[in-house]
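Protein chains in written order, with this note's numbering: chain A, 12 to 122; chain B, 2 to 117.
These aren't lab readings, by the way, just hints derived from the structure by calculation. A portion of the hints provided could be inaccurate.
Residues on chain A that point at chain B, a partial pick, calculated with CB under 10 Å [as the list claims (entries may be wrong)]:
id : residue
1  : Ser93
2  : Val95
3  : Ile97
4  : Phe112
In silico contact screen, one side only, chain B against chain A (beta carbon under 10 Å); selected entries [claimed, not checked]:
id : residue
5  : Cys14
6  : Asp28
7  : Phe29
8  : Gln30
9  : Thr33
10 : Thr81
11 : Thr83
12 : Gln106
13 : Arg113
Covered by chain B, per the in silico footprint, the following chain A stretches (three or more residues, Cβ under 8 Å) [what the hints assert, rightly or not]:
id : stretch
14 : 47-53
15 : 99-108
Owing to the predicted nature of the structure, the values given are computational and were not obtained by experimental measurement. The beta carbon of each residue, even a glycine, is placed where N, CA and C say it ideally should be.
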Amino acid sequence: GQQLNQSPQSMFIQEGEDVSMNCTSSSIFNTWLWYKQDPGEGPVLLIALYKAGELTSNGRLTAQFGITRKDSFLNISASIPSDVGIYFCAGQLRGGNQFYFGTGTSLTVIP
Amino acid sequence: GAVVSQHPSWVICKSGTSVKIECRSLDFQATTMFWYRQFPKQSLMLMATSNEGSKATYEQGVEKDKFLINHASLTLSTLTVTSAHPEDSSFYICSAVYPAGVETQYFGPGTRLLVL
């Protein structure tokens with residue numbers, strides 16, 4: 012299947028700092044989704060992107076659909092302790108119905 | 002927003018028994034649902050695509066006779082782990098595709114299975 016490379020694998024930051032993570036693929040995707048997963052729970056949808064170049068915000072979160080359609084970025088501004096968790100990107104190929112997941116970025120926020 | 006539920010959230014069973022997990026879309030109809038498996042500190046691994054009214058499509062390496070999927074209605078898909086063994090212990094998560102023009106996938110809360 013498709014492989015989505017997500018980086019960084021883990022991050023340890025101070026409360027109040029901004030966070031950036033990205034997801035890259037060798038294939039062109041039509042849809043990019045970003046999720047956050049807390050331990051023992053299912054992933055929760057944060058942001059959905061459907062057009063190349065699209066920039067979408069959800070509170071302190073901003074995500075962009077890369078122009079090449081092969082990558083996406085997620086930024087979190089002014090991090091807070093409840094931002095702790097694992098963030099996954101997911102991409103959907105044109106004409107496909109399944110979503111492929113990135114390897115995840117584990118975020119730890121130090122108060 | 003779109004809500005997906007899973008039941009049970011926890012199950013402990015003896016080796017050799019079968020376990021059924023339900024996935025329901027509570028406030029929308031989903032013609033497509035997905036079943037994933039997740040090991041600790043790893044990403045989600047797609048097991049199968051469940052389509053309402055037709056047979057599920059399994060990913061390579063996933064035994065269809067081991068993991069039975071039934072998508073009998075537009076709001077319910079079930080995964081049955083047959084003759085479960087300890088190596089089947091994992092976190093099983095379903096998702097449902099919300100059909101609003103462009104597709105978005107919403108996840109259930111997951112089911113943790115422990116086979117003794």
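Here's how the hints hold up against the structure:
Interface restraint check for serine 93 of chain A: the shortest CB-CB distance to chain B comes to about 18 Å, outside 10 Å, so the restraint is violated. Nearest Cβ of chain B to the Cβ of valine 95 of chain A: about 14 Å, over the 10 Å cut. The hint is violated. The interface hint given for isoleucine 97 of chain A is met, as the beta carbon of that residue sits about 8 Å from the closest beta carbon of chain B, less than 10 Å. A hinted interface residue such as phenylalanine 112 of chain A counts as satisfied when its beta carbon comes closer than 10 Å to some beta carbon of chain B; here the least separation is about 5 Å, so the hint holds.
The restraint placing cysteine 14 of chain B at the interface with chain A is violated, with a minimum CB-CB distance near 19 Å, outside the 10 Å limit. Given the 10 Å rule on beta carbons, the hint for aspartate 28 of chain B is violated: about 15 Å separates it from the nearest Cβ of chain A. Taking 10 Å as the C-beta cut-off, the interface hint given for phenylalanine 29 of chain B is violated, the closest approach to chain A being about 13 Å. About 15 Å separates the beta-carbon of glutamine 30 of chain B from the nearest beta-carbon of chain A, more than 10 Å, and the hint is not met.
Here the hint on threonine 33 of chain B is kept, as its CB sits about 6 Å from the closest CB of chain A, short of 10 Å. Here the hint on threonine 81 of chain B is broken, as its CB sits about 19 Å from the closest CB of chain A, past 10 Å. Here the hint on threonine 83 of chain B is broken, as its CB sits about 23 Å from the closest CB of chain A, past 10 Å. Hint status for glutamine 106 of chain B relative to chain A: holds, with the closest Cβ pair at about 5 Å, below 10 Å.
Interface hint status for arginine 113 of chain B: upheld, as the beta-carbon distance to the closest one in chain A is roughly 7 Å, under 10 Å. Beta-carbon proximity to chain B at under 8 Å applies to 3 residues in the stretch 47-53 of chain A; the threshold of 3 is reached and the given coverage holds. A count of 4 residues in the stretch 99-108 of chain A with a Cβ less than 8 Å from any Cβ of chain B is obtained; the coverage claim is therefore met, three being the minimum.
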